[in-house]
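Start from the sequences, fold in the hints, and give me the full structure.
Going by my numbering, the letters in the sequence shown line up with residues 3 to 286, in that order.
Take every hint as true, because none was put in to throw you off.
Computed spacing ranges between beta-carbons, pair by pair: (1) R139 - Q214: 16 to 26 Å; (2) R66 - G161: 35 to 45 Å; (3) G225 - Q98: 42 to 52 Å; (4) P286 - R119: 36 to 46 Å; (5) A78 - R240: 27 to 37 Å.
FYI, nobody ran anything at the bench for these hints, they're computed from the structure.
Remember, predicted model here, so these are calculated numbers, not experimental data.
Even glycine gets a Cβ: it sits at the ideal position worked out from N, Cα and C.
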Amino acid sequence: MSPDTAPVRRALPALALLLLAVPAAPALAAPPDDALGATATGRAEAWLTRDGDRRVLVYRASPRSTPRTIAVRLPARSSAVPREDGDTLAIGTDAQGRRVIVVAGARGLVATRVSGRARLRRVGGSTARDTHPSVMRGTYAAARFGPGDRSSVVALRNGRASALWDNRRSGTAQGWYAFDTAIGPDRSVLFTGRRDGAANGSAGAFVVRPGQAVRRVVDNPFGDTRNGDTWIEQRSPRGTRVTVASTSFVESDDDDAAAAAAPVRHVVFALPSGRRVRSTTTTP
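Have a look at this one:
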């Protein structure tokens, strides 16, 4: 399966609803319905909207803050990744601990500070195949699509990229595709993934650290008659806590309605260990 036919992810309005529903995280206001992509770290939120043929970056420091446009000219989305994965972004910190937003673009990841003069900087070592980024203390992570049916998770620092996981390597979840990433201390990364298959389709979450084998921490199998998704919905400002949400539902003639009505399980993990901190379930 090529990246162009990779599994379709859950729609943004559902993400917006879940940002409101997570009991373990601060109450967040939903991004607008026309947002192309959205992210939340702690109490801060950012999203992408469109103004004509341009993508626009909007940031809100807390639910009570007034949203403001970050005055940068964003590059177009990349044509090297599936369309539903092209408008991804994350909030984190640079090497000096200042808050930054990283956005996937046509030539790779770009980042800007949210305070002071906004200025886009390309993340060295990234490519047009990088999406679903995250950043902490100047170290970036991303899911890298392709070439072909290849999928990997990379860490980027000081202009160099290093692969932490690759779906073609022996013994590392072959047949999976990486999506959301959350980088934590010691270059630990929690990432979500999905595997297609008529009888063995599944979604899940994994933790990987440099020099260590990947470890699955969420298993969300579908089987023949079910569908669903697993995604990262919240990151803590220091990168030490990550909230992962999962849903599963019986396939029907209206999968969107079935997905919207399905219970959602929220699990908080600690990084770098990958230890499960707590788990809750919400019903829409």
